[in-house]
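**Student:** Residue strings, one per chain:
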Amino acid sequence: QQPVQSPQAVILREGEDAVINCSSSKALYSVHWYRQKHGEAPVFLMILLKGGEQKGHDKISASFNEKKQQSSLYLTASQLSYSGTYFCGTERGDYKLSFGAGTTVTVRA
Amino acid sequence: ETGVTQTPRHLVMGMTNKKSLKCEQHLGHNAMYWYKQSAKKPLELMFVYSLEERVENNSVPSRFSPECPNSSHLFLHLHTLQPEDSALYLCASSQDARVNTGELFFGEGSRLTVL
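Keeping their order, the protein sequence lines are chains A and B. Using this note's numbering, the first residue of the first sequence is number 1447, and each one after it goes up by one. Using this note's numbering, the first residue of the second sequence is number 156, and each one after it goes up by one.
Please note that a few of the clues may not be correct.
[Claimed, not checked] Dumping the calculated SDA-like pairs for lysine to any residue here, alpha-carbon to alpha-carbon at most 20 Å: (1) A:Lys1514 <-> A:Val1456; (2) B:Lys173 <-> B:Thr268; (3) A:Lys1483 <-> A:Lys1514; (4) A:Lys1505 <-> A:Ala1473; (5) B:Lys195 <-> A:Lys1505; (6) B:Lys195 <-> A:Ala1473; (7) A:Lys1542 <-> B:Gln250; (8) A:Lys1483 <-> A:Lys1542; (9) B:Lys195 <-> A:Lys1514; (10) A:Lys1514 <-> A:Ala1473; (11) B:Lys196 <-> B:Gln250; (12) A:Lys1542 <-> B:Arg209; (13) A:Lys1505 <-> A:Leu1526; (14) A:Lys1505 <-> A:Asn1467; (15) B:Lys195 <-> A:Ile1457; (16) B:Lys196 <-> A:Asn1467; (17) B:Lys196 <-> A:Ala1455; (18) B:Lys196 <-> A:Leu1458; (19) A:Lys1542 <-> B:Glu258; (20) B:Lys177 <-> B:Arg253; (21) A:Lys1483 <-> B:Arg209; (22) A:Lys1542 <-> B:Thr268; (23) B:Lys196 <-> A:Ala1487; (24) B:Lys195 <-> A:Thr1550; (25) A:Lys1483 <-> B:Lys195.
Hints are computed from structural coordinates only; laboratory data are not their basis.
Please construct the entire structure, taking both the sequences and the accompanying hints into account.
**Tutor:** Shown next, in the form of structure tokens:
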């Protein structure tokens, strides 16, 4: 079962913040976030394991609410380099990492 | 330079052709994956190999046939494909198949067009 991401797309100006949400109808063991720039391979951002921990990578952070089966990715003070498509991947303790349809982020000067 | 290399980067084939996609990882990982990426759709897991053994076949049609001769190489053999199989095929690797323990390293993909 693939997770649902929202919004589908967001346009930001440099310095603005954004939140990308990822939700699942099934219990989750972990949530993964990746970013893919046009014509490039998806690149790993972070993994969140069940336990409600929050992680950060530079000014990109994420939270995982296992009770709600949701994760949110926070882009703070966005930079031009943050543009790309963000995918969440969810995993239920098996070999399968199911990805959402992606959220396209465009950061403009 | 990516640790996962895919060839060819672009492939155009007819519905009756037979071709293969190749993936090579230089990271010493034990697990390799094939994903399909179609426009406006989520990444779809196709196959998972752990230590050269297939551990997942995600209901993929038999016209796609994977092969993992060793932990560094993964192939996807294609035959009698359909136009709807046109997509970007991504290979990935990880330290092991327990995805919750680490990241996937993706290649840049093979763009397949079926005429």
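**Student:** Could you run down the list of hints and mark each one as holding or not?
**Tutor:** Quick rundown of the hints versus the structure:
Under the criterion of a C-alpha separation no larger than 20 Å, the hint pairing A:Lys1514 with A:Val1456 is inconsistent with the structure, at around 24 Å. A hinted pair counts as satisfied when its Cα atoms are at most 20 Å apart, and B:Lys173 with B:Thr268 qualifies at roughly 13 Å. The hinted pair formed by A:Lys1483 and A:Lys1514 fails the criterion: a straight-line CA distance of about 29 Å is larger than 20 Å. About 28 Å separates the Cα atoms of A:Lys1505 and A:Ala1473, which puts this hinted pair outside 20 Å; it is violated.
Simply put, B:Lys195 and A:Lys1505 have alpha-carbon atoms about 27 Å apart, too far for the 20 Å limit, and the pair is violated. About 25 Å separates the Cα atoms of B:Lys195 and A:Ala1473, which puts this hinted pair outside 20 Å; it is violated. For the hint linking A:Lys1542 to B:Gln250, the alpha-carbon distance of about 15 Å falls within 20 Å, and the restraint holds. For the hint linking A:Lys1483 to A:Lys1542, the alpha-carbon distance of about 23 Å lies beyond 20 Å, and the restraint is violated.
Restraint check: the Cα-Cα separation between B:Lys195 and A:Lys1514 comes to about 26 Å, which exceeds 20 Å; the hinted pair is violated. Of the supplied pair hints, the one linking A:Lys1514 and A:Ala1473 holds, its CA atoms being roughly 9 Å apart against a limit of 20 Å. Simply put, B:Lys196 and B:Gln250 have alpha-carbon atoms about 27 Å apart, too far for the 20 Å limit, and the pair is violated. Between A:Lys1542 and B:Arg209, the direct Cα distance comes to roughly 13 Å. Compliance with the 20 Å bound is thereby established for this hinted pair.
Our distance criterion of 20 Å between C-alpha atoms is met by A:Lys1505 and A:Leu1526, whose separation comes to about 13 Å. Proximity of A:Lys1505 to A:Asn1467 is assessed by CA-CA distance (about 17 Å); at most 20 Å being required, the pair is judged to hold. About 18 Å separates the Cα atoms of B:Lys195 and A:Ile1457, which keeps this hinted pair within 20 Å; it holds. A distance of roughly 17 Å separates the Cα atoms of B:Lys196 and A:Asn1467; the hinted pair therefore holds under the 20 Å criterion.
Of the supplied pair hints, the one linking B:Lys196 and A:Ala1455 holds, its CA atoms being roughly 14 Å apart against a limit of 20 Å. With a C-alpha separation of about 23 Å, the suggested pairing of B:Lys196 with A:Leu1458 is violated against the 20 Å cut-off. Taking the CA atoms of A:Lys1542 and B:Glu258, the gap is near 13 Å; set against the 20 Å cutoff, the hint holds. In summary, the hint linking B:Lys177 to B:Arg253 is not supported, as the alpha carbons are separated by about 23 Å, beyond the 20 Å threshold.
Only pairs whose Cα atoms come within 20 Å are accepted, and A:Lys1483 paired with B:Arg209 is rejected, the gap being roughly 30 Å. Our distance criterion of 20 Å between C-alpha atoms is broken by A:Lys1542 and B:Thr268, whose separation comes to about 26 Å. For the given pair, B:Lys196 sits about 16 Å from A:Ala1487 by alpha-carbon distance, which is consistent with the 20 Å threshold. Of the pairs offered as hints, the one joining B:Lys195 and A:Thr1550 holds, with about 10 Å between alpha carbons and a cut-off of 20 Å not exceeded.
For the suggested pair A:Lys1483 and B:Lys195, the alpha carbons sit about 15 Å apart, so the restraint of at most 20 Å is met.
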